[in-house]
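> Each chain, letter by letter, is given below.
2 protein chains.
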Amino acid sequence: MTAESEIKAAPDTAASLPIALDAVGGDHGAVPNVEGAVMAAKAGVRVTLVGDQVKLHAELSKHSGISALPLTVVDAPDVIGMDEHASDVRGRKEASINVAAHLVKAGQAAALVSMGHSGATMAASLLILGRLPGIDRPAILTYIPARTGPVALLDAGANADVKASYLAQWAQLASLYLRVIEERENPTVGLLSIGEEAHKGSALTLEAHALLRQQAGINFYGNIEGSDIFKGTTDIVLTDGFTGNIVLKLAEGEARVLLGWVKDALTSSPRAKLGGLLVRDGLRAISERMNPSTYGASILLGVRGLSYIGHGSADAVAVKNALLRASRAHQSRFIERLSEGLAGSNSAQP
Amino acid sequence: MTAESEIKAAPDTAASLPIALDAVGGDHGAVPNVEGAVMAAKAGVRVTLVGDQVKLHAELSKHSGISALPLTVVDAPDVIGMDEHASDVRGRKEASINVAAHLVKAGQAAALVSMGHSGATMAASLLILGRLPGIDRPAILTYIPARTGPVALLDAGANADVKASYLAQWAQLASLYLRVIEERENPTVGLLSIGEEAHKGSALTLEAHALLRQQAGINFYGNIEGSDIFKGTTDIVLTDGFTGNIVLKLAEGEARVLLGWVKDALTSSPRAKLGGLLVRDGLRAISERMNPSTYGASILLGVRGLSYIGHGSADAVAVKNALLRASRAHQSRFIERLSEGLAGSNSAQP
Numbered sequence: 001m002t003a004e005s006e007i008k009a010a011p012d013t014a015a016s017l018p019i020a021l022d023a024v025g026g027d028h029g030a031v032p033n034v035e036g037a038v039m040a041a042k043a044g045v046r047v048t049l050v051g052d053q054v055k056l057h058a059e060l061s062k063h064s065g066i067s068a069l070p071l072t073v074v075d076a077p078d079v080i081g082m083d084e085h086a087s088d089v090r091g092r093k094e095a096s097i098n099v100a101a102h103l104v105k106a107g108q109a110a111a112l113v114s115m116g117h118s119g120a121t122m123a124a125s126l127l128i129l130g131r132l133p134g135i136d137r138p139a140i141l142t143y144i145p146a147r148t149g150p151v152a153l154l155d156a157g158a159n160a161d162v163k164a165s166y167l168a169q170w171a172q173l174a175s176l177y178l179r180v181i182e183e184r185e186n187p188t189v190g191l192l193s194i195g196e197e198a199h200k201g202s203a204l205t206l207e208a209h210a211l212l213r214q215q216a217g218i219n220f221y222g223n224i225e226g227s228d229i230f231k232g233t234t235d236i237v238l239t240d241g242f243t244g245n246i247v248l249k250l251a252e253g254e255a256r257v258l259l260g261w262v263k264d265a266l267t268s269s270p271r272a273k274l275g276g277l278l279v280r281d282g283l284r285a286i287s288e289r290m291n292p293s294t295y296g297a298s299i300l301l302g303v304r305g306l307s308y309i310g311h312g313s314a315d316a317v318a319v320k321n322a323l324l325r326a327s328r329a330h331q332s333r334f335i336e337r338l339s340e341g342l343a344g345s346n347s348a349q350p
Numbered sequence: 001m002t003a004e005s006e007i008k009a010a011p012d013t014a015a016s017l018p019i020a021l022d023a024v025g026g027d028h029g030a031v032p033n034v035e036g037a038v039m040a041a042k043a044g045v046r047v048t049l050v051g052d053q054v055k056l057h058a059e060l061s062k063h064s065g066i067s068a069l070p071l072t073v074v075d076a077p078d079v080i081g082m083d084e085h086a087s088d089v090r091g092r093k094e095a096s097i098n099v100a101a102h103l104v105k106a107g108q109a110a111a112l113v114s115m116g117h118s119g120a121t122m123a124a125s126l127l128i129l130g131r132l133p134g135i136d137r138p139a140i141l142t143y144i145p146a147r148t149g150p151v152a153l154l155d156a157g158a159n160a161d162v163k164a165s166y167l168a169q170w171a172q173l174a175s176l177y178l179r180v181i182e183e184r185e186n187p188t189v190g191l192l193s194i195g196e197e198a199h200k201g202s203a204l205t206l207e208a209h210a211l212l213r214q215q216a217g218i219n220f221y222g223n224i225e226g227s228d229i230f231k232g233t234t235d236i237v238l239t240d241g242f243t244g245n246i247v248l249k250l251a252e253g254e255a256r257v258l259l260g261w262v263k264d265a266l267t268s269s270p271r272a273k274l275g276g277l278l279v280r281d282g283l284r285a286i287s288e289r290m291n292p293s294t295y296g297a298s299i300l301l302g303v304r305g306l307s308y309i310g311h312g313s314a315d316a317v318a319v320k321n322a323l324l325r326a327s328r329a330h331q332s333r334f335i336e337r338l339s340e341g342l343a344g345s346n347s348a349q350p
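Top line first, the protein sequences correspond to chains R and E.
Just so it is clear: in the first sequence, position 198 is 198 by the numbering used here, and no numbers are missing.
Just so it is clear: in the second sequence, position 129 is 129 by the numbering used here, and no numbers are missing.
Incorrect hints may appear among the rest.
Any copy, or any two copies together, can satisfy a pair, since identical chains are not distinguished.
To be verified - Computed cross-link-like contacts, DSS-like style, restricted to lysine-lysine with a CA-CA straight-line distance of at most 27 Å:
1) K55 with K42
2) K263 with K273
3) K93 with K263
4) K200 with K163
5) K55 with K249
6) K42 with K62
7) K55 with K93
8) K93 with K200
9) K42 with K163
10) K231 with K200
11) K273 with K231
12) K263 with K105
13) K249 with K231
14) K249 with K200
15) K231 with K263
16) K249 with K163
17) K249 with K62
Note that these hints are calculated values from the structure, not bench results.
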């Protein structure tokens, strides 16, 4: 499974729908969104930028050769700020995230991408696109760069309190996702717990373990521990959104601190500086692997449509990679194949 | 706060009680335990090795100059295996962990150290030593090597399912621990959650946040996120034993993988190998900082006596450091001062 392999140009621009980008969302507003959209458009992806049209046209005019690119702007005068409440989505029809989600719902866009307020993106996706049949709650699937290659982690933060039945549904969603998107035939599912044995864990994981053992259509490995995540013991790391969010943020934070120490060690003396020059390329590759921008954004699995949620601090490269990722999933007919898979698996169950 | 600063010889051997070591517990049995005990004894710590006396004397005879060291053996013919149940502690009076805990209870040993079955060590400590007044459940406190120095994490795995009131009690225990052991006057307590704002988190963390705000005798910082752990945002990272155990094992596992990649990068070409030689010392210091053996073992906070729980895979250095750590805590009269602190804080509350 190589997440990088996805990040290629979409093959057939003319026939495909544009990706709707919440182009004013995120910590840095329009600047990285517009730049990322321009980069994706140059790679052949159609993008509809959603947000304050005056601002977006002004930002677009800073880039050259724009007129030849498959970029359009849809006006949305309002935006849900990073410090506002997710529930504000309900009342504010002209907010960029709502307008973008409605484009997907109306079949005018293939997918939704937002680096804005995560809770608002989840709420808009759920309210406007709705849930897939048999799915109680959508979950965020993201990647962790393990020793064996990227592993899929879910839920990365959509649901702080969960039921065992949600975990069983997410196991199915993630398995279908890896089959379609990563072309993994029979991905393994590990239930994150605090002991490999089936009888070890919390009340939630004990109940989930029993459900997962019986579940059709997944390749259940059993319990895994925190140390298994970076080992890449399983293709999928299944957990609640509280634990998953802490895992994701700890993994990123630890990498920053450790690689910072390595950099310090490489500049601590003239001798070390010389050594540092000689090993620079190898270390840069590691930093790159650990950089969240490489993954672009995470998919919200379980809603009726493609919805991608990125870091508020995303840069243009992250925006571009998220748009390419969304475009590829659309080309793969992911939502249709996911729906078929869920229907097939549910009817096949005893 | 420097955890390393603790790991010095105990000042006054003659007057102090020995530390009881479960000398046959752990993945590698007597070998690393005996070697670690010899190292600690050479540093001035009295150690009582508990386990099969024939095995222990045979192992001790492999070391030279033993007769001059403050080492004694107490026979315990039985041992709780790493794959047995923690509840086996109840019926097996002659198991090494039970004999060692009884030495502490009887005032014949200052502390208990075990690299054996963690659940059995917790159970024996709880059943034989009992709980401190006002503490519902003991918690494991361990260290994470953050950018600013070691931060204290609890609960690292004693309690998979917790109540908000436990978290409030642990905040108090950990604050007193850092005051006495690390000489930190007013350590900050961060509640691990999935958003800095007080209204973000799980049902458990929302309730705990409200309790912690009102709690006397602690310096509550508020919520912290996974990314704050390695940043060292707070002195204490407070969480349930499920999340804490995953945090600890992920942190160790990620460090192994990342530092492995760095090593690979340093040997990937003749040019890189030369660079690797020049930066070797700096990188070794990072590996050392991330090595769990540096910390030796984690304390079980909340029982009436000093109890330390280490990795099953502990090496002799870890055993030695755990024994030194236990000896220092005894010299600091930690349990007495903890009891006084709990009593004072409880009577001062409204």
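> Now look at each hint and say whether the structure bears it out.
Verification of the hints:
Within a single copy, K55 and K42 get their C-alpha atoms as close as 21 Å, which meets the 27 Å cut-off; across copies the closest is 72 Å, which misses it. Both within a single protomer and between protomers do K263 and K273 lie at most 27 Å apart by alpha-carbon distance, with minima of 10 Å and 17 Å respectively. Neither within a single protomer nor between protomers do K93 and K263 lie at most 27 Å apart by alpha-carbon distance, with minima of 47 Å and 53 Å respectively. When the C-alpha separation of K200 and K163 is checked against a cutoff of 27 Å, the pair qualifies both within a copy, at 18 Å, and between copies, at 19 Å.
Proximity of K55 to K249 under the C-alpha cut-off of 27 Å is found in neither arrangement, the shortest distances being 32 Å within a copy and 46 Å between copies. Proximity of K42 to K62 under the C-alpha cut-off of 27 Å is restricted to the intra-copy arrangement: shortest distance 15 Å within a copy versus 71 Å between copies. For a Cα distance limit of 27 Å, the shortest separation of K55 from K93 inside one copy, 19 Å, qualifies, whereas the shortest one across copies, 76 Å, does not. For the homomeric pair K93 and K200, the shortest alpha-carbon distance between copies (25 Å) is at most 27 Å, but the shortest distance inside one copy (47 Å) is not.
Taking identical chains as interchangeable, the C-alpha atoms of K42 and K163 are never at most 27 Å apart, the minima being 44 Å within one chain and 54 Å between chains. When the C-alpha separation of K231 and K200 is checked against a cutoff of 27 Å, the pair qualifies only within one copy, where the shortest distance is 20 Å, while the shortest distance between copies is 31 Å. With identical chains, the CA atoms of K273 and K231 are at most 27 Å apart between copies only, with a shortest distance of 25 Å across copies and 31 Å within one. Within a single copy, K263 and K105 get their C-alpha atoms no closer than 47 Å, and across copies no closer than 49 Å, so neither meets the 27 Å cut-off.
When the C-alpha separation of K249 and K231 is checked against a cutoff of 27 Å, the pair qualifies both within a copy, at 18 Å, and between copies, at 11 Å. Proximity of K249 and K200 under a CA criterion of 27 Å is satisfied in both settings, with 25 Å inside one chain copy and 15 Å between copies. In this homomeric assembly, K231 and K263 come within 27 Å of each other (Cα to Cα) both inside a single copy, at 24 Å, and across copies, at 16 Å. In the homo-oligomer, the alpha carbons of K249 and K163 lie at most 27 Å apart both inside one protomer (23 Å) and across protomers (24 Å), since each shortest distance falls under that limit.
In this assembly of identical chains, the alpha carbons of K249 and K62 never lie at most 27 Å apart, being 34 Å within a copy and 47 Å across copies at closest.
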